[in-house]
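Keeping the supplied structure of chain A fixed, place chain B upon it in accordance with the hints.
Sequences listed follow chains A and B, in order.
Heads up, the first sequence is in the working numbering, so the first residue is 1 and it goes up one at a time.
Heads up, the second sequence is in the working numbering, so the first residue is 1 and it goes up one at a time.
Keep in mind that a hint or two might mislead.
On the chain A side, residues computed to face chain B include the following (Cβ under 10 angstroms) [claimed, not checked]:
1. L24
2. L25
3. L63
4. V68
5. L81
6. P93
7. F97
8. S203
9. G336
Calculated from the model, a selection of chain B residues having no Cβ within reach of chain A, i.e. all distances over 10 angstroms [unchecked claim]:
10. I56
11. V60
12. A133
13. Y169
Calculated from the structure, these hints are not laboratory results.
On a predicted model such as this, the values are computed, not experimentally measured, just so you know.
By construction, the Cβ of each residue, glycine as well, lies at the ideal position given by its N, Cα and C atoms.
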Amino acid sequence: MTIGGEAIQHQRHQLRLLRRAVALLLCMAIVIAALGVTAIRRDADALLHQDVLSELLLWGAVLVVVVVALVGTYSVMADFLFWEGWLNGLPNPAHLFAAPTADDRGHRHYLVYLDGIHQSEECHPPRVSEFLETLEEAIEADALLVKGIEAYTIMPVGLRATAYARWFWERLFALQEHHPNGFVRFLCAFCVQANNVIKVGISSDRRYGPVMNYELALKIARRLEAIGFHPSRAARVVLVGYSGGGEMAIGTAAMLQKLCHVPVQVITVCGVFSGNGDLSSVDHVAMVVGSRDPVAALGRLAYPGRLPLLPLSNWNRWQRTRSLHRISIEGMNHNGASGPFSVAYRAKVVREIVRELELTSA
Amino acid sequence: MSGLTSALDSMASTLLAMDAGIGLLVAVGISMSASHLFALLANRLSPRQIAFHMLIDALVLSLALTLGILCHSLMLLLIEGVPPQPITLANRMLAALWPGLFYVLVAAPYVSDLIAVSLLGWMHLNVLLLLHARYGVPLTEGLLVSAPGFSLALVLIALLFAQRWRASYNTLAKEVGG
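Excised from the complex, chain A in its bound form (with noise of 0.2 angstroms):
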């Protein structure tokens, strides 16, 4: 035999030890995974019965109250940080319009959009920014619409520029935009609207939300102030909140008021709001829903201080002495093809938002 011959031997020889064990290592995966299969058979036969699904159910129940709660304080904590100055930029409120700023351009009303709470960074999204454009434009020459205020969160910088958590975020927002996977996107998307959703369940909270609602009041005077707002020109600030933003505007009025020293009203839009806010010195509040909207309708559910059963909520005692405006569009939905953003319904909310403007002028 040649020498070329033994090698060609000698790698058949190879071929064939490795084909062997490659056949040997397939028949052990296959029995341990037989075994696997027959173990977790066993097991998701155990699991069908009653007892332990009702015990799982209550671990599961437990564990999502546990986290939540969790998440829930590590939030709050980032606002008290704030509010203790420990983090830095919070400024003092009696340095706010200190120096006449310069607005030439005349403007007296200063709309003021809020999201709902799937805002992610301070542009919105195209279907939003259209709505803005119409609503822009059908605004008196006067009034200023200021848009890319992110709601859901307390520094004057988006998630994207927090000094704590800048990394975290923005990697979530390079997967939810960027990564191949829907599910990936999905659920990116998920974890940022959750953190949103967090932040109008403090806002709401009788014991939290004064403090969060202050420094977003802040957050609003100090972008009015940049734009050249000043309270011996301004009549009046308008907070339009859409969904979730609806509670942010509700939830900051009076403390805008106080800051701006001018008066402050209200536009929800399908909004979803605890009526725990503090609206005694606000004097109008509107609110335009849809006949279609389930997520606005469940929120009333959801916050018990909106429903007459509660007559000692801040909602039910404004509505005693003021006249809550109303408006419902038939057919709206909360979002999508026949959300208040969506070609059929934009030019009426915007139409209603404006009548609304014209009615409280006075």
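Okay, now just chain B, sitting in the frame of chain A:
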């Protein structure tokens, strides 16, 4: 119904087997005190002041729970004719407070009421079960025996928490007014 009875029996036997000392009372007080840590933060206190207030609050809350147990002792004397033995009763009833160790979770927003009501209800149920197991008081009569002590403890806890939050709102009002 039989499932509920066996669950209550199982809870009672667990409570009877528990060796709860005064440490549990203080631990529950600390957990309750920690649940309103943010009220102290909202008051703009320094870390040292916060630690001091938390300790004082923990002791006050433990005292409120002890007063509740003393009240049970009085009610047992009045209704069941059990001779007043507050220290023995406290030793026997302290185990009922163990769910209070999780009271710190009440600090969470939006689920706080659910957690607080569940934990307080659980503690109250434990008291009823222990009264039944130790003194043979039926559960319905136990409600009457434990109601004043439980109400007193709740009122004291609520007053302490309300005072702390009221002070924090005043701090906020000063900030905005300034």
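Now the hints, each set against the structure:
no. : hint : in the structure
1   : L24  : violated (51 angstroms)
2   : L25  : violated (49 angstroms)
3   : L63  : violated (12 angstroms)
4   : V68  : holds (6 angstroms)
5   : L81  : holds (8 angstroms)
6   : P93  : holds (6 angstroms)
7   : F97  : violated (14 angstroms)
8   : S203 : holds (9 angstroms)
9   : G336 : violated (26 angstroms)
10  : I56  : holds (20 angstroms)
11  : V60  : holds (19 angstroms)
12  : A133 : holds (23 angstroms)
13  : Y169 : violated (6 angstroms)
When the structure is compared with the earlier hints, violations turn up for hints 1, 2, 3, 7, 9 and 13 and for no others.
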